[in-house]
Every structure is written in structure tokens, then in C-alpha cells.
Amino acid sequence: MILARQVLSEPEEVYKRIKDRDDDILLIDVRRNEEYAREHVPNAVSLPLAKVIESTNVPTLLELFAGIGLVIGKDNKSVVVYDDTFGALAARVAWTLEYLGYENVSLLAVTYSKWKEMGFEVEYGSKSRVSTSKVSNKNNSLGVTVTNTNVNKNIIASYEYIKSIIDGSIMNRGSDTTAKLLDVRERLNYLDHHIPTAINIPWKAFSAEDRVLKDKTEILDILKSRRIEPNDEVIVYCGSVGTLSGLSYYGLRLVGYSNVRLYSNSLKEWRSLKLPLEGFKDAHYWDLSAE
Amino acid sequence: MLKNLEDKESNVESWGLPEEVRNVDEMVRLYREGKITDDEFRRFRLQHGMYGSRLNKDYTMIRIKVPAGILTPRQLERIAKLSEDYSIGSAHVSTRQNIQLHWVYLDDAPMVEAGLVEVGLTTRESCGNTVRNVTCSPFAGVCMNEHFDVTPYAKAIARFFLRNPICQNLPRKFKFNFACCDEHSYARIADVGLVPAVKVIDGNVVRGFKVYIGGGLGPASYLAELLEEFTPEDMLLPTCIAVIRLFDRLGDREKVHRNRMRYLVHDMGFAKFRELVLKERSIVNLTKSVLVKLDIRESKGYEPYRDDIEFKPFNPPEGFNRWYKGNVIKQKQRGYVTVLIPLHAGDITARQLRALSDICREYSLEGHVVTTPWQGLAVRYVKEYRLVDMYRALKDTGLANYASSITSVVGCTSTTSCNLAITNAHRLAKEISSRLVGLGVDMDDAFKDTTIKLSGCPNSCGQHMIATIGFFGAAVRVNNTLTPAYNMLLGGKVGKENSLGTIVARVPAKRVIDVILKLIDVYRRERNDGEGFASWIDRVLAGEGNGIKDINALRLIIEEAARLPSADEEPEMYTDYGSENRFIVRTARGECAA
Chain A
1 MILARQVLSE
11 PEEVYKRIKD
21 RDDDILLIDV
31 RRNEEYAREH
41 VPNAVSLPLA
51 KVIESTNVPT
61 LLELFAGIGL
71 VIGKDNKSVV
81 VYDDTFGALA
91 ARVAWTLEYL
101 GYENVSLLAV
111 TYSKWKEMGF
121 EVEYGSKSRV
131 STSKVSNKNN
141 SLGVTVTNTN
151 VNKNIIASYE
161 YIKSIIDGSI
171 MNRGSDTTAK
181 LLDVRERLNY
191 LDHHIPTAIN
201 IPWKAFSAED
211 RVLKDKTEIL
221 DILKSRRIEP
231 NDEVIVYCGS
241 VGTLSGLSYY
251 GLRLVGYSNV
261 RLYSNSLKEW
271 RSLKLPLEGF
281 KDAHYWDLSA
291 E
Chain B
292 MLKNLEDKES
302 NVESWGLPEE
312 VRNVDEMVRL
322 YREGKITDDE
332 FRRFRLQHGM
342 YGSRLNKDYT
352 MIRIKVPAGI
362 LTPRQLERIA
372 KLSEDYSIGS
382 AHVSTRQNIQ
392 LHWVYLDDAP
402 MVEAGLVEVG
412 LTTRESCGNT
422 VRNVTCSPFA
432 GVCMNEHFDV
442 TPYAKAIARF
452 FLRNPICQNL
462 PRKFKFNFAC
472 CDEHSYARIA
482 DVGLVPAVKV
492 IDGNVVRGFK
502 VYIGGGLGPA
512 SYLAELLEEF
522 TPEDMLLPTC
532 IAVIRLFDRL
542 GDREKVHRNR
552 MRYLVHDMGF
562 AKFRELVLKE
572 RSIVNLTKSV
582 LVKLDIRESK
592 GYEPYRDDIE
602 FKPFNPPEGF
612 NRWYKGNVIK
622 QKQRGYVTVL
632 IPLHAGDITA
642 RQLRALSDIC
652 REYSLEGHVV
662 TTPWQGLAVR
672 YVKEYRLVDM
682 YRALKDTGLA
692 NYASSITSVV
702 GCTSTTSCNL
712 AITNAHRLAK
722 EISSRLVGLG
732 VDMDDAFKDT
742 TIKLSGCPNS
752 CGQHMIATIG
762 FFGAAVRVNN
772 TLTPAYNMLL
782 GGKVGKENSL
792 GTIVARVPAK
802 RVIDVILKLI
812 DVYRRERNDG
822 EGFASWIDRV
832 LAGEGNGIKD
842 INALRLIIEE
852 AARLPSADEE
862 PEMYTDYGSE
872 NRFIVRTARG
882 ECAA
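Quick mapping for you: the protein sequence lines, in order, are chains A and B.
Be aware that the first sequence starts at 1, since it is given in this note's numbering, and climbs by one per residue.
Be aware that the second sequence starts at 292, since it is given in this note's numbering, and climbs by one per residue.
Because the hints were derived from the structure by calculation, they are not lab data.
Predicted, not measured: the structure shown is a model, and the values here were computed from it.
Where hints are given, some of them may not hold.
Residues of chain A clear of chain B, computed beta-carbon distances all greater than 12 Å [unchecked claim]:
#1 Arg32
#2 Ile53
#3 Lys114
#4 Tyr124
#5 Lys224
Each computed DMTMM-like pair below joins lysine to aspartate or glutamate, with the alpha-carbon atoms no more than 25 Å apart [claimed, not checked]:
#6 Lys584(B) / Glu304(B)
#7 Lys348(B) / Asp282(A)
#8 Lys372(B) / Asp210(A)
#9 Lys348(B) / Asp210(A)
#10 Lys281(A) / Glu861(B)
#11 Lys623(B) / Glu474(B)
Cβ coordinates follow ideal geometry from the N, Cα and C atoms, glycine included.
Please model the complete structure; the sequences and the hints are all you need to start from.
Quick look at the structure:
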């Protein structure tokens with residue numbers, strides 16, 4: 001059971017804690033190294049998304065976070081993650097922390113660009129805080145047993161898990177199934193093909209013009225329009241590595257849906273395994289796109 | 292500065308109503324719960340701008356009504372966001388100057404409605420048997436030839452008939468069009484088309500209109516006829532009411548394919564209909580309340596901003612001169628120009644809509660954009676000396692496509708979204724345009740009056756009947772194989788010399804481009820000195836060609852260029868654009884009879 005925790009951290013609150021030299025907050029910048037090196041939120045540490053998704057091995061991941069000074073299983077700092085890509089990269093990293101059993105994590109409510117635009121202070125240049133490369137390859141460099149954590153298996157979905165659900169729901173199609181697959185790719189991609197039984201809510205429908213997530217009422221409205229209920233189990237997926245669906249994961253969490261899983265390997269894996277797909281073929285809808 | 296502009300935008304007229312959002316919400320819910328039938332729901336949703344999507348009941352197209360084609364930057368931004376959240380990330384500009392959002396999940400319609408109403412937009416009566424979007428020349432107010440700006444009249448007519456009980460259940464849809472002048476006029480393909488006119492009465496210059504009645508394009512098309520030489524301004528509303536009342540009373544509600552007003556006018560004969568209109572108008576005048584009048588709000592005029600100085604950009608960026616030649620039109624207000632933004636068959640991405648709203652705020656003195664009947668957009672009141680900067684900004688976002696008449700190819704949405712479509716005219720329109728731009732045809736003045744328009748079926752949403760070269764979709768057997776094809780028409784035009792195209796040949800979809808290029812070739816050989824393409828076509832149609840004397844001779848050339856290799860040799864020639872599979876015709880019921 002996941003308690004209702006804070007999903008978003010407001011920039012004002014974060015900035016205040018930075019100014020107050022609060023040691024209990026850890027800001028993680030998941031943009032690329034060179035972007036971080038140019039400028040970042042004061043006191044933030046750098047951990048590019050690419051590093052986080054490089055491995056799915058738990059000890060490796062634990063070390064990676066240990067390298068930026070976060071010892072999972074021991075620390076309880078408020079971790080705030082941010083990016084400059086709609087919050088999607090930050091969401092994927094935050095979800096990884098949760099998966100590793102670290103619960104005190106939230107997304108910065110705005111992107112890095114918005115932070116700057118709002119007039120909040122930034123810090124220039126790379127500091128010694130970027131210590132990942134130094135530590136990440138050393139075993140137990142901090143003297144902590146990194147395997148000793150509680151991986152949260154309730155927030156991840158594997159393809160086998162999804163197969164078992166769709167096999168069940170295909171048989172019961174028409175009846176109410178409690179597990180619902182949510183495809184968060186754009187509409188045309190969804191129409192073209194999707195995992196059987198999946199419902200489509202494009203990830204942007206959860207994201208606001210100036211915040212990484214819309215207000216709760218707006219997110220609830222669209223969930224209601226899809227008949228996705230608070231007690232349903234919802235499995236979110238997107239096109240590649242669970243970033244955009246990571247953001248939708250937090251959209252669902254923001255409105256209090258507690259049984260949410262991320263199919264972190266998403267369609268990329270599903271397709272590569274040649275698992276069944278369905279789509280709508282009776283219209284040339286692609287030709288309506290101006291992209 | 293920004294503050295100022297926002298104030299300008301907050302004064303924008305509100306066409307939408309919050310309670311209609313609640314109605315949409317309620318009706319969609321009842322429909323989904325099975326408490327109202329398909330037919331009951333269809334009538335409601337069409338009245339509220341929700342059109343069925345091709346062969347898929349879970350989705351709807353949402354048609355946003357854009358009276359007089361006017362959209363503010365804030366509205367553009369909202370459409371951008373709604374298209375990303377609930378549609379396909381692109382929006383579509385229609386030939387009737389609406390904006391359409393396609394493939395919206397039906398249950399999301401209330402949220403889209405809510406988002407639109409918040410910025411003053413509505414979908415009310417953009418579909419269904421009522422007064423549709425009141426269209427208006429994109430040059431109204433800036434046109435060199437116009438007698439006066441018709442925009443306030445177009446908006447007043449839209450305001451008067453929107454939600455008006457007298458037009459909620461007409462036999463069929465009803466279209467108004469306002470022209471700026473004869474030359475730019477689309478007035479004769481509307482049910483009621485209005486061209487501004489002035490007359491000196493007792494020494495005073497009186498405003499009025501040339502009122503055209505009973506036009507329209509479709510499987511059978513007619514040009515509207517002139518009601519009287521001059522209809523003074525104060526007779527505009529009584530005339531319009533009279534026509535609508537007659538149509539409501541006498542129009543055919545039985546024969547689904549003959550219930551547009553043009554059939555009524557045609558069957559009765561225009562002379563008779565004209566008589567009835569004049570009679571009905573006197574009754575309207577005698578009986579209408581003094582409160583029934585048009586609410587005309589004059590648009591703000593702008594002074595020319597400086598004297599004539601020849602615009603000569605120093606070292607312009609690549610492509611600028613070509614763009615300037617085709618896309619920039621001088622306004623009657625000296626020093627200001629209108630910039631045309633052609634879209635590929637009307638499609639524009641969310642990102643481009645946002646960029647355009649910034650560009651509009653930055654460069655347009657009047658602070659809004661207008662949609663055009665050729666599926667494009669225009670930004671007006673741009674100071675000429677700022678064009679280079681504006682060009683760069685447009686180019687950055689892919690909106691600086693060259694805008695000659697021949698390369699602004701129109702294509703209805705057809706099989707991308709519409710139940711009635713036989714062929715993918717939408718994609719073909721894009722293919723033709725990029726091919727012609729690639730060949731530099733846009734730079735040749737010989738084609739400046741030439742248009743190409745396509746529809747995916749005979750219903751003419753792509754306005755193929757008024758194109759120099761028009762096409763409408765069909766399925767034909769070629770070498771024993773069912774093949775996507777087009778009926779080809781030549782010689783259609785709007786404006787002063789308005790005429791409808793003549794069907795000349797059938798062309799397989801994959802040969803349409805070859806046939807167009809062949810025609811261009813033949814024209815270049817056959818033309819007289821200084822003769823444009825469109826005039827040459829007219830001369831051949833009149834049987835007065837040179838080597839290629841008449842349409843029969845030209846038809847032989849077209850048929851030759853349209854010939855297909857066998858299906859075994861080149862099977863892809865028998866498929867439609869956008870498909871790899873064998874061609875089949877799949878259509879479903881249209882929304883006409885609802």
C-alpha cells in the first residue's frame with residue numbers, strides 16, 4: 001500500500017529550502033551532463049537519465065544513486081527531480097527511485113526552463129557535486145550494503161504480466177476488468193497499433209502549458225471520460241523506455257490512484273518480442289498530420 | 292506592449308456558451324449509457340459541431356466555427372493545446388474557413404468544448420441543418436478593390452443567426468459568404484452570397500450589396516443568381532430572413548440528395564424564386580419587430596503608417612524574394628501588407644500554431660489571423676519593412692511555404708477522416724503541391740490564376756468545381772482491377788468570371804500528377820503570347836485552340852498520360868496514396884440527413 005505522498009514540489013518551496021541551506025533536500029538534475037555543466041538549479045547534482053536506464057540491475061542502480069550521495073535504505077532526504085523535457089525524464093528517474101524502494105521523491109512542478117523564466121536563481125558551471133563517474137564503478141565505495149533494500153515490485157509491469165492481463169481481459173471483453181492498460185503515445189501512433197485492449201490518453205493530456213502536470217480536476221476529468229476508476233489497476237506504457245509513460249504514472253499518482261504500474265520496457269520491447277498488436281486500418285489518418 | 296495586446300484580446304467576441312459545454316457533457320454521457328439512440332444523438336452532436344469519424348464510432352471530428360475566419364493568438368494557442376491533448380497534434384483549416392480537430396475520442400468532446408468556450412470559440416451549428424459558418428473574404432478590409440469592409444456585416448449576420456430559432460431545423464445546411472469585391476468573390480457558390488456595392492441616392496453614398504442566391508457545389512452544382520442590382524444595407528437582414536424562411540417552408544425534406552436550397556431554386560426557376568423572395572421580404576419588413584436588426588460593430592480602421600518608400604530589403608535571406616513574390620499582397624492601407632501562409636492541404640501542427648500566435652502578436656497591427664477558403668491562413672496589417680524578420684520567423688517553424696495560386700492545392704480530408712470518401716484526395720493534394728513547388732512552377736506568372744482542387748468524393752468539400760484543374764474521387768476498373776481514380780474537370784473559376792468546371796476525363800490516382808505535368812507541357816507549346824494557363828484552358832474548352840483545337844483533342848492527350856501499365860507489372864499504380872494494400876471502396880453513411 002502506497003501512502004498518498006507528495007508528487008510535485010513547488011519551485012517556491014524548493015527554492016526556500018535551498019536558501020535555508022536545508023541539508024534534507026537533494027535536487028537531481030537529469031538533463032545531459034553538458035547542460036548541467038552550463039547551469040542548473042543551485043545545489044543540484046547531476047544524474048543524466050541515460051545513465052539510469054543503462055542498466056536494470058538493482059545493485060548497479062543502487063551504486064549509481066550512492067554515487068550522487070543518496071544511499072537507498074539509509075537516507076531519507078526529500079529528493080526532488082527535474083529536467084527540461086516536460087518532466088518526462090525526471091519522472092522516469094523518480095519512478096526508478098521508487099522502484100528501488102526509496103519513497104521520499106517528488107518531481108519539481110516546473111521544468112528547468114520555466115524555473116529560470118520564473119526568475120529563480122541558477123548556478124553556473126560544474127561543481128564537485130558531479131561525482132558519479134568517480135564513484136559509480138567502485139563496489140561498496142561508501143561502505144553500504146547496497147543490495148539490502150526493498151525493491152517495489154508493485155509499480156512495475158513486465159511483458160509477461162501484461163500478457164496475462166490481456167489474455168484474461170480479452171476473454172472477458174465487455175465485462176469490467178479492473179486492470180487497465182493505458183497507452184500514452186500520441187493519438188495517431190495509438191490508432192496505428194497498440195497493445196490489445198489498451199486505452200489511449202496522450203501524455204500531453206496530463207501535462208499543462210507551464211507545469212509538468214495539470215491540475216487534479218483536469219486529470220480526473222479525462223480519466224473519468226475513459227472510465228478508469230481510482231480502484232482500477234492501471235498499467236501505463238509509451239513508445240520506448242517509459243519516460244513519457246513515467247510522467248503519466250505520476251499524473252495518476254497525483255490524483256490519488258494508488259495501484260499504478262509502469263511498463264518500463266514499453267512498446268519497444270513488446271514489438272521486439274513480436275507480441276500481438278491491434279490497430280485501426282480503415283482510414284489514412286497519418287496523412288492528416290502536418291509533421 | 293504585451294499587456295496592451297492582451298487587453299486587445301480580452302475584448303474578443305465570445306461565440307461560445309458555458310451551458311452548451313454542460314449539454315455536450317450530458318448528452319455524450321447519455322449516449323454512452325445507451326439512454327439515447329444513435330439518431331437522437333446524431334442530431335444533437337451535429338448541432339454542436341461533432342461530425343462522425345471514418346468507420347469508427349469511438350471518435351469524432353470537432354469543427355470549430357470561425358465567423359469571418361478570424362482567430363486571435365490566444366485562440367490559436369488554445370487550439371494548439373487541445374489538438375495535442377485530445378486530437379492528433381495537428382489542426383485542419385477547411386475550405387469553409389473552419390478549424391477542425393480530427394480523431395477526438397468522443398468522450399473527450401466536453402473537455403474540448405470547455406477549452407474552446409473559455410477563449411470565446413464555439414462549435415455550435417458548425418455542422419447540421421442550420422446556418423453554417425459565415426465565411427468572408429480574407430481580404431475584406433484590406434482589399435484594393437473593395438467598396439467597404441464587409442467584416443462587420445459578416446460577423447453581424449453570424450451573430451444574428453447563431454442559435455436563432457428560425458434556422459434550427461432547416462431542410463439542409465445553409466451557407467452565407469461575404470466577398471470583398473467581385474474579383475475575389477466566392478459569393479456565387481453559397482446559398483446567399485454578398486458582394487459589397489455602393490450607390491449614390493439623393494446625393495448620398497449608400498452602402499449595399501449585390502445579393503446572390505441559390506448557389507452551391509456538390510454532385511450537382513449551381514452558381515447563385517443575382518437577386519437585384521443593388522440591395523441597400525438596411526435591406527440586408529430582411530432579405531436574408533426572407534430567403535431562409537422560404538427555404539424552411541418550401542425546401543425538400545424528403546429526398547436526401549436534393550434538399551439543399553439550390554435544388555429548390557433550380558426546380559422552381561430563379562425568376563419565380565426571386566419573386567417569392569421579394570414578396571417574402573416585404574412581409575418580413577411589415578411584420579418584423581423594430582428590435583430585429585443587425586448588430587453591426589464597425590472594425591477599427593488603421594491609418595497608413597508612412598509615405599510610399601520602395602521596399603528594398605538589403606541582402607535578403609535565401610528564398611525571401613520567391614516568398615515575397617507569391618505570399619505578400621499589398622493592402623489598400625499604404626505601407627501595410629497581407630502575408631499569406633499556405634498550409635499543406637490545410638494541416639498545421641500544434642507547434643506551428645503556437646509560433647504563429649507569437650508571430651501574429653509581433654507583426655500584425657490588427658492582432659489576429661484569418662483563415663482562407665483555400666485551406667490556408669493570412670496575417671494582415673504587417674508593416675512592409677518588417678517582412679524580412681517575419682519571413683525568418685515563419686521559416687523557422689516551417690510556415691514560409693511558397694504561396695502561388697497553383698501550388699496552394701486544396702484537398703478535402705477524404706479517407707483520412709471522412710465516411711463518404713472514396714479516395715485519399717488529402718494526401719494527393721499535398722503530393723501535387725510539393726511536386727509543383729519542386730519544379731518552381733510557383734515562380735511562373737503564367738499560373739498565377741490557376742488553381743488545383745481535389746475532393747475524395749462527388750460532394751465537393753474540396754471545391755473541385757471551381758478549380759482550373761479539379762478532381763473528385765471515384766473507383767473505376769482499369770485492366771480488370773478496381774482502381775482509385777479521379778474525374779478530372781477543367782475551366783472552373785470563382786470571381787468575376789465565375790464558372791463551373793467541365794468533366795473531361797477519368798484519371799487513376801497515381802497518374803494525376805503525370806496528367807497535370809503533361810497539361811503544363813502542352814500549354815507551354817500551345818499558348819499565345821502572354822497567355823496564362825487558365826486562359827488557354829478556356830480557349831481550348833471554347834474549341835479555339837491552336838494545334839490542340841478543342842477538348843476532344845486535349846482529352847486524347849490526357850488519356851494517353853493517364854494510361855496504366857498492367858497490374859502485374861506495377862501493382863502499386865493500382866493502389867491509393869497512403870496505402871500499400873489493394874484498393875477497396877469503404878464508405879459509410881454521411882451526416883447529411885441528420
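Of the numbered hints stated earlier in the document, which are not met by this structure? When the structure is compared with the hints, numbers 5 and 9 turn out to be violated.
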